[in-house]
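Protein chains in written order, with the working numbering: chain R, 1 to 484; chain F, 1 to 484; chain D, 1 to 484; chain P, 1 to 112; chain E, 1 to 112; chain Z, 1 to 112.
No lab work stands behind these hints, which were simulated from the structure alone.
Check the hints yourself; a few may be wrong.
[Said to hold, decoys possible] Here are the simulated EDC-like pairs of lysine to aspartate or glutamate, each with C-alpha atoms no more than 20 Å apart in a straight line: (1) E:K40 with Z:E14; (2) E:K60 with P:D54; (3) Z:K2 with P:E97; (4) E:K40 with E:D54.
One-letter residues, chain by chain:
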Amino acid sequence: MKKILLFSGLMLALALGTPTLTTAQEASADASSATAAATERSILERLEDLEAYVNNVARNASTNAPSKIPGPGPGHNAWQMTAAALVLFMTLPGLALFYGGLVRRKNVLSVMAQCLGIAGLVTILWWLCGYSLTFGAGKPFIGGFDYVFFKGVTGSEVGQGSNWISNNVWAIFQLTFAIITPALIVGAIAERMKYSAVLLFITLWMFAVYFPLAHMVWAADGLMCGPLNPNAKIKALDFAGGTVVHMSSGWSALILCLILGKRLGHGREPMPPHSMVLCMIGTGMLWVGWYGFNAGSALAADGIAANAFTTTTLAAATGGFVWAMAEYVFKGKPSVLGFCSGIVAGLVVVTPACGFVTPSGAMLIGVVAGLIPFLACWKLKNWLGYDDALDTFGVHGVGGTLGALMTGLLATPKANPVVESVAQGLMMAQIKAIVVTIFLSVVATTIIALLVKATVGLRVSEEVEVAGLDLSEHGEEGYHQARG
Amino acid sequence: MKKILLFSGLMLALALGTPTLTTAQEASADASSATAAATERSILERLEDLEAYVNNVARNASTNAPSKIPGPGPGHNAWQMTAAALVLFMTLPGLALFYGGLVRRKNVLSVMAQCLGIAGLVTILWWLCGYSLTFGAGKPFIGGFDYVFFKGVTGSEVGQGSNWISNNVWAIFQLTFAIITPALIVGAIAERMKYSAVLLFITLWMFAVYFPLAHMVWAADGLMCGPLNPNAKIKALDFAGGTVVHMSSGWSALILCLILGKRLGHGREPMPPHSMVLCMIGTGMLWVGWYGFNAGSALAADGIAANAFTTTTLAAATGGFVWAMAEYVFKGKPSVLGFCSGIVAGLVVVTPACGFVTPSGAMLIGVVAGLIPFLACWKLKNWLGYDDALDTFGVHGVGGTLGALMTGLLATPKANPVVESVAQGLMMAQIKAIVVTIFLSVVATTIIALLVKATVGLRVSEEVEVAGLDLSEHGEEGYHQARG
Amino acid sequence: MKKILLFSGLMLALALGTPTLTTAQEASADASSATAAATERSILERLEDLEAYVNNVARNASTNAPSKIPGPGPGHNAWQMTAAALVLFMTLPGLALFYGGLVRRKNVLSVMAQCLGIAGLVTILWWLCGYSLTFGAGKPFIGGFDYVFFKGVTGSEVGQGSNWISNNVWAIFQLTFAIITPALIVGAIAERMKYSAVLLFITLWMFAVYFPLAHMVWAADGLMCGPLNPNAKIKALDFAGGTVVHMSSGWSALILCLILGKRLGHGREPMPPHSMVLCMIGTGMLWVGWYGFNAGSALAADGIAANAFTTTTLAAATGGFVWAMAEYVFKGKPSVLGFCSGIVAGLVVVTPACGFVTPSGAMLIGVVAGLIPFLACWKLKNWLGYDDALDTFGVHGVGGTLGALMTGLLATPKANPVVESVAQGLMMAQIKAIVVTIFLSVVATTIIALLVKATVGLRVSEEVEVAGLDLSEHGEEGYHQARG
Amino acid sequence: MKKIEAIIKPFKLEEVKDALAEIGIEGMTVSEVKGFGRQKGHTEIYRGSEYTVDFLPKIKIEIVLPDARTDAAVAAIIKSARTGKIGDGKVFVSTIEQAVRIRTEERNEQAI
Amino acid sequence: MKKIEAIIKPFKLEEVKDALAEIGIEGMTVSEVKGFGRQKGHTEIYRGSEYTVDFLPKIKIEIVLPDARTDAAVAAIIKSARTGKIGDGKVFVSTIEQAVRIRTEERNEQAI
Amino acid sequence: MKKIEAIIKPFKLEEVKDALAEIGIEGMTVSEVKGFGRQKGHTEIYRGSEYTVDFLPKIKIEIVLPDARTDAAVAAIIKSARTGKIGDGKVFVSTIEQAVRIRTEERNEQAI
Ligand SMILES: Nc1ncnc2c1ncn2[C@@H]1O[C@H](COP(=O)(O)OP(=O)(O)O)[C@@H](O)[C@H]1O
Ligand SMILES: Nc1ncnc2c1ncn2[C@@H]1O[C@H](COP(=O)(O)OP(=O)(O)O)[C@@H](O)[C@H]1O
Ligand SMILES: Nc1ncnc2c1ncn2[C@@H]1O[C@H](COP(=O)(O)OP(=O)(O)O)[C@@H](O)[C@H]1O
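All chains, please: the whole structure from these sequences, using the hints.
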């Protein structure tokens, strides 16, 4: 029943969306004929536009004549497409492997199905209205409906994201963020949550948490968008998603796994990763993909992107090394899971900071990222006793919060001139942003989780949990032995 | 014996090719000294050339003076190299994993060896004369011999592919297409075809089907090249290879698997995928690599590439979601293989359309791609009873044909101005292109398959099939258990 | 104890590095205010600068007025970031899988931990002083201390690497080379070396071999830097690291595995790869990543990069095919490991040559690369009887040396004008470079290995070797069976 | 001496091991097997093809022990392995004539 | 009661299972083993090293059943597992003294 | 006929096989098992959780052979499998009543 409803909903949406096939482009065609009426730019102005492209700044706006190069700039657009592809790679197959390797063999496919389902679901929502609610002009808390069905989101025009990248590449780049964020939550609730409940929870969560939060932090009229919104109430910094991506998913994951309850046998039976090899492959992919995530967030192949690229590398490598060496010191053996966890932690903590800090700042972030989340996963979790199966909270919740703080501490105009404008009171703004994010995530997740529990139910039956979700929920097994 | 012949052939070809080491570059050196004799371009003309680079249009051709920027444009060339790397990634390891995971454990390496062998073989053929036969000036049905041994295919010159990308990057980008197309066929004949027969079949098939078809569809003097050839008999559209890649491989696969016969035990014994995990990894890689395939086919990092990037994402995600939800509705469980199949189907169907349709068009494509190939694999195959082991026909044959039709239906000048020039009678042209493609694939495959059967034979012995192709044909096993 | 020392060392370094947070950027701020005082560039000069960007040549230097586009050029910078990400991908997860698949199941994680540990360790060293010692101005044999703690290595400035790429992107690009080189050595000493010994050996080796050698070959004042150093004693060519990366690691690997001794049971017990599937995945990733390695070494998305991209593809595909066909001829069966080995060999041999040879030259390289290392692994190794577990010497040592020779033989100004300036006596220069590289690698490795043996010891105990390094050294297992 | 072979559900292994340890039995050999019996299998679907997996994963425990301790061990296994649902498994007992500890060459009851 | 242990070629498992089902035997336990016998192994080659794999994959079927049904079962196995080529495998029969169904504690012939 | 079941350390398999071949025994069936005994397991650590793996990988060898050759075989196994360290394993001997070669239907001593 539910499934049929879901299905019909999609069809309906598509029926609604299809007319825009015509209208959207008509509008843009009109627009371009209007501008074509203006006079020509001078040679100097045309030269300035070309230089603006190289320098990734705005075209000369002091003249009415249209720019001769009004569309995307090839170098920046090339990098932005590459970056978007890299971020998708983080989820599929990156995160699916990282998480899939850490669960027991009988649940490997369920984790993958969750990542795949989220990718599909979020894409449809994003096209429908998610992109519009996030980046359409609106209120400080949420955007508007200007871009529903990707209306006006074309490849030949720029400006929605930045000066030299196609509007639709920007929309897809941001889509890949909207996909990975809820997929991160999967780590906390692995091995016991109903598939239908996952899909329903995520749908509601996108509307209640992700779209508003991403708007607040990254839209030019958002509540906490320090660099772009001069009227922002909270002038915070978040380069690539410390609050939006990691804190929101991490804190929501904590609440959801508390409401969901522990896995059967948790704390009694060993539940070792069924394949550290898969987990390590996923880690490598996450690291590489993260270059798209962080350096792509510069929205250009410029010096800021280069800085984010650099700091990301340093923090990831150092985070991994420090975590494993901490294990070496405290537990006698450096483990592959330690390296992998530390690399991801380093990447998480540097995410909000990467475009604002220097290489030495990144090294400090790497060291801290290798120690604090290590302690969170080792001590805090056992002490509090929740069953965050794959440590989404320990790594992303704790790491994301840490990142927001470290950004406040280490952001410097020397790494990025934009920091100048928000430097005053930055730490306080960061703390406020942290509070808003945690508050929104915790409250919304609690309500949604209880709602889902009351309707389709959150957990699979004991029998299904024992047999494994792969067989029971997806009718497949991860691996088949030789025969014949 | 055969092997020695093969080997000597390669050596001979190399001996023939090596002299061009000298001659090819001499020619190009001459050419550049000739142009250097002309007068200088004016400042305005130089400015226009720079703007032409940003806008990805041709350099000012109204003057004799050579352009000051005659070579590749960095942003476009950067994207084109990235795209070529991504398409190679689709085959190795992407497709090798997608297919390798779906076969039984005893045949996983044989599938990989087929992909690897095809990559090597096709590269050698491409360098020898394949590129020339495909893109050298020639007749409507086949190109000429201008570029044998990559003669005149340099990095500093542009124009063979497009205005701002190196000629040799274009040649390699196209090589990656020429590699993946025959590799797709492997899915239909998996687990039972002789390795020597695969190599021989593919060699002949490249000459009989791929080089001619790619020439007809993409060369400026090709029979069906709607956008570039004003004299084309069939003014069809195929942005990134619906006919050339997916239909040709899909329909050939069908015929070849019919001639080859079913696997021993087909329909009686269960033959589940030995590792859905590998299949899922492969799917993620295919999706990411497909950005190179589709957005790379714009041959620039421009707005058209951006559009292809966008539509590719939407169709893939929607196709995967719809296929799995259709399973949910009709079979009770959404499977990982359903997601993976739907993603690939979405990508296949959007391939010919991606540069010509709007986002909403892509969503519609995604929905259709999630349903029709799903039915083809579920119902059609059982009904007709052929053993297309990994559903190459169901996904690529059916999907490619569907894509050619949907392109006719949804292509719009609003997405790409080039559609204007072929809009009239487009659907009829698409149907003609479909007929030509199917006809060529079916007839050529039949003849070649019978030829190979009569000479080296198509199938391995029963004993080899039972023991697995890995051990018998390649002397290796996919996995070794622990010992000691 | 040792571990605590290691740990504190890192902390100390960080404490030292952090002050540069301030000083480094101050310096650069001063510099830019100084230049801002100069007069304006003329329109023609500005046009020339833009053209210089497209053509990847230096900005007009005949004027004092600062360039209007002094920073990185988007297309080149985009490609350089992509290339750096690709080279990292080669190590993590590429090489880790390639090697990890070839060892026995009980040691798969140890190989991965070695790759991960090297990535972390080398990153820290690189930031500390490695980059500076390699590329800071210095002596013919080693650089200086100008760039310690990445001082002055910013994203907005260019010139340390090339005209149009950010200095820090160049530094990170080179870091990825510095990571993979020692990681290659792991292949020879797999399955028996102590983890602490690996870390210690590599630390010393970086200072004794890698930093000096990379300086000699690639720094503008390096001893053997043919293209950039007019005063170079040995005017050799090495486009992307035949000597620096492959010969140094390969020859060091040989010596280290001789000193380390054979694995228990070597030659008596079968030690087949535990997963050829992983090895094949790794190979695909290595190939794709190698585009960053080779075409990225052009330091721009220009025609030279395009040429390197092309020759890399041809050599890899041909190398793989020839190796497997040689097996087919001599052993009756073409194996997946044969393809994989040949692909890697093709890539290794073409590495020093890729930017200097034509496509036909690359084909010849591919053929040779498929035959000579094949013989080295098959005959030479058995004949000499050393236990190079995964054939680092056979592929990288032999292949790298072969590549240096083939570069001398095939480099041509037709592929790259820079060859002109060193053509005279090139073969002799190549031989000298080979001798220097082998001498340095062999002597330094011998001394370091004996030193490490005398202090922490080189080998694990017999018991650990039998049980597997994963459990004993890292406290983990690669795979866990189903249970419950 | 007797050999007990018990076929149990995999997730019961820890419990059975603990139950045996409690009565002093600390030597055993365990293997992964597939069982076929009254408990019905499950259906898997792969694109077009649907099929039933009849063989279910089970664990086989083998214990060699003195005659006198057999009944206690059997009872302990039954108690700890039971869920009451179909497919809980079986216990079989047979005779062992000789046992040797490889390390020491101790024989029979000393060896186990 | 008797225990039949049959070592067969892996791809014969379905057929043997069906043959046993036909004569009413529906309980069995199956495991993957490696066999060593007259059937010679194969050679694998990895770069420099070539070696022979002597152990071939086989399936072991274990069935506990009443004495009276033993001969029929053995015959059914032999018939369905035979290919006539070397390596078809063996059937071994031994005695089981006790059998218990864990779920119900039924004993002996009731239990199997 | 007798059946020898030997539980040994995995890396000793080749040696045991060779030792048996030397005394003319060339048929056997081998499986991977997990052993639990005096030899203590190891600890694995995964982030927060630390746990002990009690079950160690072992190899089980099964050989059916004529009564007369049993002692020699047991002796050969013990000699070749011994390392002298805890966990070397056990050898158990029991009786087999019937043996059939599937390929030929040869019975008993002819069959093995
Ligand atoms: N006759 C038999 N011989 C050997 N093993 C058997 C026999 N019958 C059942 N088994 C094993 O016992 C397991 C449980 O048996 P089953 O009939 O499913 O449930 P239950 O024991 O609760 O009646 C089977 O999966 C199989 O491994
Ligand atoms: N003496 C034995 N004891 C236990 N298992 C044996 C014995 N001899 C053979 N086998 C098993 O039977 C299988 C088939 O035996 P083999 O000698 O290869 O062929 P055949 O039975 O046709 O003569 C072997 O792979 C092994 O698993
Ligand atoms: N009572 C038993 N029944 C069956 N197998 C046993 C028994 N005791 C030990 N084993 C097997 O023998 C192996 C070795 O036993 P262990 O007590 O560790 O060492 P040792 O034989 O040297 O005393 C165990 O891992 C287990 O597989």
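Checked hints:
1. The hinted pair formed by K40 (chain E) and E14 (chain Z) meets the criterion: a straight-line CA distance of about 16 Å does not exceed 20 Å.
2. This hinted pair checks out: K60 (chain E) and D54 (chain P) have alpha carbons roughly 16 Å apart, not beyond 20 Å.
3. Our distance criterion of 20 Å between C-alpha atoms is met by K2 (chain Z) and E97 (chain P), whose separation comes to about 9 Å.
4. Proposed proximity of K40 (chain E) and D54 (chain E) is supported: the alpha carbons are some 7 Å apart, at most 20 Å.
This entry satisfies every hint, going by the numbered hints stated previously.
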